[in-house]
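Asker: One-letter residues, chain by chain:
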Amino acid sequence: MNATDGDTCVLRTRGLRKEYGKKEGLVHALNGVDLDVMAGETVAVMGPSGCGKSTLLYLLGGLDRPTSGEIWLSGQRLDQLSERGLARLRRDAVGFVFQAFHLMDELTAVENVELPALLAGRSPRVARKTATELLERVGLADRARFLPTALSGGQRQRVAIARALVASPQVVLADEPTGNLDSAATIEVLRLFDRLHAAGQTLVIVTHDPRVAATADRMISMRDGSFTDQTKLHGGTTGRLGTLAGLEG
Amino acid sequence: MQQEAVLALLAKEPAHGYQLRARLQQALGSVGDAMNAGQIYVTLSRLEKAGQVSCERAPGLPDRPDRKVYALTAAGQQRVAEWIADVSWPGPGLAEFHLKLIAAAAAGLADPIRIIDAQRRELLRQLRDVQRAAMAEPDGSEAALLLEGLALRLQADLAWLEACEQNWTNQKKDGS
Chain A
1 MNATDGDTCV LRTRGLRKEY GKKEGLVHAL NGVDLDVMAG ETVAVMGPSG CGKSTLLYLL
61 GGLDRPTSGE IWLSGQRLDQ LSERGLARLR RDAVGFVFQA FHLMDELTAV ENVELPALLA
121 GRSPRVARKT ATELLERVGL ADRARFLPTA LSGGQRQRVA IARALVASPQ VVLADEPTGN
181 LDSAATIEVL RLFDRLHAAG QTLVIVTHDP RVAATADRMI SMRDGSFTDQ TKLHGGTTGR
241 LGTLAGLEG
Chain B
250 MQQEAVLALL AKEPAHGYQL RARLQQALGS VGDAMNAGQI YVTLSRLEKA GQVSCERAPG
310 LPDRPDRKVY ALTAAGQQRV AEWIADVSWP GPGLAEFHLK LIAAAAAGLA DPIRIIDAQR
370 RELLRQLRDV QRAAMAEPDG SEAALLLEGL ALRLQADLAW LEACEQNWTN QKKDGS
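Going line by line, the protein sequences match chains A and B. The numbering of the first sequence is the working numbering, which starts it at 1 and goes up by one. The numbering of the second sequence is the working numbering, which starts it at 250 and goes up by one.
One chain only, chain A, in its complex shape (with noise of 0.2 Å):
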């Protein structure tokens, strides 16, 4: 990748395959996928289960390792990374954000938070800061010293969003992050990834839920490991909400 590329696309994809098994077990689980996500981009993937989306996202983060293709982040290739590379690359430059939240239930809000920047060396102050500032900008400053057991499912979910943020990542990647959130949380969770999207972070977000890929600035869709379509869903329709609701036309 060139340096003027480098300075729009924050994640490029080039031929991503991936193949679990063996002979007649084999699984095409990527079939050579081709993505762009620009700085600042919300970028959602939808498709049914199975259709390849969450190894996808597994790849991007470098949790899994593809079968072949490229992947660049921020202009570095990540498929040639080693072990040490990946985790590095996972600790300062990519986000995660999980269906089930995986917060450490013995750790209060706060903690949670700010154990990504103790693991990456920072000073227990600086960290407490850090992750105390987070916190706030998720809207859960007075539940810092709350144990995830005594937060609703929406506010677990923006405490993890708040620890995907510690690290000033590149991209966030999320993973069916409204999968275990009732209507009202999920609306909690999308106002938060609203105000990071207006703040320029760049976010993926894999989802089977229209509402949330409905709020991403483009939607893929995809089935048995292809992107079938790509949309943007800027503009949209608006003004039409009362004849939506029966009251005119």
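No lab work stands behind these hints: they were computed from the structure. Some hints here could point you the wrong way.
[Stated by the list, open to error] Simulated coverage check for chain A against chain B, where a stretch passes if three residues somewhere in it have a Cβ under 8 Å from a Cβ of chain B:
no., stretch
1, 182-195
2, 200-213
3, 220-232
[Unchecked claim] Think about it this way: if two alpha-carbon atoms lie no more than 16 Å apart in a straight line, the pair counts; the simulated EDC-like pairs of lysine to aspartate or glutamate are:
no., chain 1, residue 1, chain 2, residue 2
4, B, Lys261, B, Asp360
5, B, Lys421, A, Asp224
6, A, Lys232, A, Asp217
7, A, Lys232, B, Glu371
8, A, Lys129, A, Asp142
9, A, Lys232, B, Asp366
10, B, Lys317, B, Glu262
11, B, Lys421, B, Asp360
12, B, Lys422, B, Asp360
13, B, Lys422, A, Asp224
14, A, Lys232, A, Asp36
15, B, Lys317, B, Glu305
Remember, predicted model here, so these are calculated numbers, not experimental data. Beta carbons are placed, not taken as given, at the ideal position from N, Cα and C, and that holds for glycine.
Please build the complex by placing chain B on the supplied structure of chain A, with the hints as guidance.
Answerer: Chain B alone, transformed into the frame defined by chain A:
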């Protein structure tokens, strides 16, 4: 009977009224039970008057509607093409979209998967507006409840499009 659906079923080849009726019965099953036998001929004669359908009677046969063969005119073809591309929703109902896919596939007017994709894009845009409005409502607002209803309805429609996509993808695989 919906005029566009009848026109689109003629796009593959000219047909007798009773053939169209049988095709509709097959496509709609018990959903189409309320259709009576004469309805298709009423629709066809309206379309003929509008110049969108032409009809020919086989020579030597009595002048009865069920002896006529109906065909699309250029104006009829034009109207079918517009209908296939139209993504307005909610339309007159799910049956219309269902028939659109069937007619488009039969006549090779358009790939049903592309029609589904276009419809999904439109519904996602509508859902986007609903979600944006819901996100802007304060907690516990009355309007939020109405917006949730709209979002749930669109989600159900999108889930059905998903089922349509699966079905037509499988048909394409089986056919090739």
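Asker: Indicate, hint by hint, whether the structure satisfies it.
Answerer: Hint-by-hint comparison with the structure:
Requiring three or more residues with a Cβ within less than 8 Å of a Cβ of chain B, the coverage given for the stretch 182-195 of chain A holds, as 6 such residues are present. Residue count for the stretch 200-213 of chain A with a Cβ under 8 Å from a Cβ of chain B: 3. That meets the three needed, and the coverage hint holds. With 5 residues having a Cβ less than 8 Å from any Cβ of chain B, the stretch 220-232 of chain A passes the three-residue criterion, so the hint holds. Between B/Lys261 and B/Asp360, the direct Cα distance comes to roughly 14 Å. Compliance with the 16 Å bound is thereby established for this hinted pair.
At most 16 Å may separate the alpha-carbon atoms for a hinted pair to count; B/Lys421 and A/Asp224 meet this at roughly 14 Å. Our distance criterion of 16 Å between C-alpha atoms is met by A/Lys232 and A/Asp217, whose separation comes to about 6 Å. Distance restraint check for A/Lys232 and B/Glu371: the Cα-Cα separation of roughly 11 Å lies within the 16 Å cut-off, and the hinted pair is therefore satisfied. About 15 Å separates the Cα atoms of A/Lys129 and A/Asp142, which keeps this hinted pair within 16 Å; it holds.
Pair hint A/Lys232 plus B/Asp366 holds up; C-alpha atoms about 13 Å apart against a cutoff of 16 Å. With a C-alpha separation of about 14 Å, the suggested pair B/Lys317 and B/Glu262 falls inside the 16 Å cut-off, and the hint holds. Distance restraint check for B/Lys421 and B/Asp360: the Cα-Cα separation of roughly 10 Å lies within the 16 Å cut-off, and the hinted pair is therefore satisfied. Only pairs whose Cα atoms come within 16 Å are accepted, and B/Lys422 paired with B/Asp360 is accepted, the gap being roughly 13 Å.
The straight-line distance between the Cα atoms of B/Lys422 and A/Asp224 is roughly 13 Å, inside the 16 Å bound, and the hint therefore holds. This hinted pair checks out: A/Lys232 and A/Asp36 have alpha carbons roughly 13 Å apart, not beyond 16 Å. For the suggested pair B/Lys317 and B/Glu305, the alpha carbons sit about 6 Å apart, so the restraint of at most 16 Å is met.
Violation of the numbered hints given earlier is absent; every hint is satisfied by the structure.
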